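Undergrad: What follows is each chain in one-letter form.
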Amino acid sequence: MADITSCGHAGTLESSDVLIHIEPSQDIEINLISSVEELYGDDIKALVLEVLEKMNIKAVKVDINDKGALDYVIKARLQTAILRALEDGDKPDWSLL
Amino acid sequence: MKSEIQFSQFDSTNIRRVRKIKEFLDSVELELSEDIEIYVSAKEDEQIIACGGLSGKILKCIAVAPHKRGEGLILTVMTYLLNAAYNRDRKELFLFSKPKYLSFFEECGFHLIQRYENEIMLMENTHNLQEYKDNLIKLKKDGGVIGSIVMNANPFTLGHQHLVTEAAKRSSWLHLFVVKEDASEFKFKDRIDLIKKGVAHLKNITVHEGSDYIISKATFPTYFIKDKGKVNDLHAKLDLYIYKNHLAPALGITHRFVGTEPYCKVTNNYNQNMKKILEKEEAGSKPIKVVEIPRIEFAQKAISASRVRALLKEEKYEELANIVPPTTMEFLMKEVVNGRYN
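Which chain is which? The protein sequence lines are L and Y, in order. Under the numbering used here, the first residue of the first sequence carries the number 1340, and numbering increases by one thereafter. Under the numbering used here, the first residue of the second sequence carries the number 66, and numbering increases by one thereafter.
In case anyone wonders, no lab produced these hints; they're calculated from the structure. The structure displayed is predicted, hence computed values, not measured ones. Take the hints with a grain of salt, since some may be wrong.
The calculated DSSO-like cross-link candidates involving lysine-lysine, where the alpha carbons are at most 30 angstroms apart (straight line), are [to be verified]:
id, chain 1, residue 1, chain 2, residue 2
1, L, K1393, Y, K156
2, L, K1384, L, K1400
3, L, K1384, Y, K156
4, L, K1397, Y, K156
5, L, K1414, Y, K122
Model the full assembly from the supplied sequences, consistent with the hints where possible.
TA: This is the structure in structure tokens:
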């Protein structure tokens, strides 16, 4: 599994985007602020968990400030934040993602 | 044709650009804060239309030109500032602004710590204040008079010792907070160590490590450049309100003790603000009695930490021994031997 040992971030606070910050943690912790939280909060969290699982990450703290981003934007921003936090030798197998 | 908006980031060494920011801030009636390291600006047709600054873990001087408001520029400025902070591994952030912009910054993930009238507010992007208060509640003591002191003790003198001893005498329990920021001549670790040794004779006291919420660079940035006489009155008031509304209730504090301040105008002014704010009857918080304890003197001069630092510089160690407790003296002499003051 890939260990998150440092912080990473990706995205912006612009409308239809999302700003994601990740940092090391003992387990998986997701803090979500979203302009569409009532409608899509659970979906966003499920998507985050799915991305983490595919990238084989078992422990990380994810802070998400969502401005109504579409699924693939959230996915891409999260993957980028994670890649920025990983060691160079720890890159995932893209074909699986 | 729609002109393009250009965002850029630069640091405080870029004097020409900082001057332009200052002019822009003047035009929107904001003061440029001198401790900003990183600036973000948005320009259109060579004119600044928005800006923001990062100082340590504090975001401030965030402004958008009046004719450009409502276009979401602030979100881009905030993105730049947050990226600048994250890139420096600063994650737990504070933000200063005016209370009327509360909802803008809430959208950026910040929430209110304290506001002062319509003048100033402090926000944070964590829940650390609540956590801090929850921890303080565990240290609460029962009693009629729950006293408190906040001190920097840079370093601990006989004057400090007198103040603490007097306050402890008049309190059922005394909470002593030590300013945590490492922005003084003596390090936090040494300052608190000397305080603990200097108050070891008292039984009804808790010595607390300070925090971001009590005279820190977040609540009171100008305190640490007070020698320059530039303490911002609003910051002092904000700090006192955080104390009154958050920290004091957590510990059930009823009194705050301070030494009289004969020399330093800035500290004296802070003490006057303290009386005004802490003793004021207001909805939602209990007033706290402020008790000024006269400073003790040696050879007709009030004892102060700044006097100690001056004597150290002048190498007048015998005179020094008259105004600090033996525990502080021992530490200072060790420092001198180690060549810290040469």
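Undergrad: Each hint needs a verdict: does it hold in this structure or not?
TA: For each hint, the structure was consulted:
no. : hint                : result
1   : L:K1393 <-> Y:K156  : holds (26 angstroms)
2   : L:K1384 <-> L:K1400 : holds (12 angstroms)
3   : L:K1384 <-> Y:K156  : holds (21 angstroms)
4   : L:K1397 <-> Y:K156  : holds (21 angstroms)
5   : L:K1414 <-> Y:K122  : holds (28 angstroms)
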